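Given the coordinates of chain A, work out where chain B should sit on it, guided by the hints.
Number of protein chains: 2
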Amino acid sequence: MRQTKLKDIGEFSLISALQKLVESSRPNNLDPKFHLIASIGDDAAIWESPKSTQLLTTDTVVEGVHYNSINSRWDDIGWKAMTANLSDIAAMGGSPLYCVISLGLNPDSFTSDILSLYTGILEASNEYGCRVVGGDISRSVPEFVNIALFGYCSQKPLTRSSAQVGESIAVTGTVGGSLAGLKLLTNSEDKTFSALTKLERQDVLRAHIRPHSARIHEGRKLASTGVKAAIDISDGLYADLSRLCDASNVSAKVHQPLLPIDRSLKSLSKREQSLLALQSGEEYELIYTAPSSLVKQLNNSLLTSSTIIGEVIQQADQSVILLDENNIQSCLEVNGWDHFIKE
Amino acid sequence: MRQTKLKDIGEFSLISALQKLVESSRPNNLDPKFHLIASIGDDAAIWESPKSTQLLTTDTVVEGVHYNSINSRWDDIGWKAMTANLSDIAAMGGSPLYCVISLGLNPDSFTSDILSLYTGILEASNEYGCRVVGGDISRSVPEFVNIALFGYCSQKPLTRSSAQVGESIAVTGTVGGSLAGLKLLTNSEDKTFSALTKLERQDVLRAHIRPHSARIHEGRKLASTGVKAAIDISDGLYADLSRLCDASNVSAKVHQPLLPIDRSLKSLSKREQSLLALQSGEEYELIYTAPSSLVKQLNNSLLTSSTIIGEVIQQADQSVILLDENNIQSCLEVNGWDHFIKE
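Chains as they are written, first to last, in this note's numbering: chain A, 1 to 343; chain B, 1 to 343.
For reference, chain A alone in the conformation it holds in the complex:
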């Protein structure tokens, strides 16, 4: 029998196999004081500690996979690596606190570049009262940056698994820009974007290169007003909403015309806009579910307001059902990101 390779099974089958392995393992003497509430399968692990609810998450960026050191500024790479972790804490309604940074570095790298990388990490972390408290340095080519971030929740954490049938689905901010920026970064002549003004091109490049910091304020606000389910957009609205639905055993209807498209993309065709909005990863906006009255009420107090894009329905064949402007099921083909299977 031929042995299976990672590129045959893909990232998500591997995660599910590893999850089974972890769940079947039996740690000795696990301290019951720190009761585990959520682990693999959510944006961060959650446990109860005496007097607080605590969170732990981790995220890695690898040179040549997540960024290209030729066309990226080092402080931007650091900023984005930190933002990805902050966003996971935001998706739980938590506050970030302490992090450890592991770097895999090329001996031929310039010291000034690595200091610049760290400066970007610190810029993003300073904004939310998060502090670098340690780390690890190894030799590695390609280089990588791994961050593990510890945080806490003052209220019940948001999870992926608590969406309820009948709730509205909302998303903070706008989407689509990051993928447009990535495509332009890869090919500045990409004809899809020929109608964009210089300013619009700059906007989408910036959305990809230096995304706004994570929606920490918004996540905390959601949790404190009784929202229960959320996920951040790392791999694309479609892929991440599917994940939230799977974890909650529900499905979602999404009305394409309601998608809050990045305004720099308004000159593109509706189809192109929807594809970008649904597939764009590394947006770091929050998808959440709540009664529509609560979404409207929340929008008065969120720093970045949110848009209702659909509703939670009973579990169906598909996790996410896309509806076009005629309320007919759309035939868009939407792909997510898989680290091992080539598109």
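Source of the hints: derived by calculation from the structure; they are not laboratory data. Do not take every clue at face value.
Note that the list lumps identical chains together, so a pair holds whenever it fits in one copy or between two copies.
As the list claims (entries may be wrong) - Calculated lysine-lysine pairs in the PhoX-like style (CA-CA distance at most 25 Å, straight line): (1) 183 <-> 221; (2) 33 <-> 221; (3) 156 <-> 33; (4) 156 <-> 51; (5) 221 <-> 296; (6) 51 <-> 33; (7) 156 <-> 5.
Quantities reported herein were computed from a predicted structural model and do not represent experimental measurements.
Chain B alone, transformed into the frame defined by chain A:
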């Protein structure tokens, strides 16, 4: 001016530059409930949480740097990656609790090998009530395994910075085996080890490939009986004791004849034994300082007993002064490990 590269300044100058950068950064709104006690420059970060003292550490192993996937078993790689992190918690006198695992994986790797890697991680973590609660997977060639481990202390944590002049220096278990094993793994014909029996060769290979789990029990015992300073041996007894001395603003006298050499190395020359004992990294034994009466008393209750190898003295020109069997300063040239500077 020519720009400095990492291979010019080395790992430890880089760490010190990054530490300065972090210390000069000012996070907004840092929550004072979680008061930071130790951060960069110790084995783990320590903070006070309401009702407990908490720890966070991280460690990475990179293919081709820390291990070679050709001559290593995957479960051994996982075991050792976890052991390195457990050892950092042991060095604080803490208990490990929850960890997140970040893998950088080759799409051409066999799924069964990655499951085996995870099995090794779980074997080491299960032993101490530590649970995998999440992680991250990326594509990367060479592959890497990063673990971030959260733990807690029931008593005042051990730190590197609290060694006192006049205290004895003790080390748990025996040392030297891991480096001997690494040398044999790299060159099974290495003449240094030609006198070793087959069993002795197996012993030192095992010390390198699958080190005993970290000294968690011992660390906790040390902290609970009033020991204040400790460090684990990751980079070699000499290098790590130097670090403890630097952090405590003291120096150390080490009596070479007192070094607890791995018994499988007894056929080697005294000089070779001392070199191995002082330079062998990834031993995961604990170096600690305490009044000699306390060391003797502790040895009645430690699962792995410890040996006094020297004493803490006032700060001198060198952090660690080696004395030979005639109590004369030894002229051994001892090297530590640096990720960027080639030996």
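Structure-based check of all given hints:
no., hint, verdict
1, 183 <-> 221, "neither (33 Å within a copy, 57 Å between copies)"
2, 33 <-> 221, "between (28 Å within a copy, 20 Å between copies)"
3, 156 <-> 33, "both (18 Å within a copy, 18 Å between copies)"
4, 156 <-> 51, "both (13 Å within a copy, 20 Å between copies)"
5, 221 <-> 296, "within (13 Å within a copy, 56 Å between copies)"
6, 51 <-> 33, "both (11 Å within a copy, 11 Å between copies)"
7, 156 <-> 5, "neither (40 Å within a copy, 47 Å between copies)"
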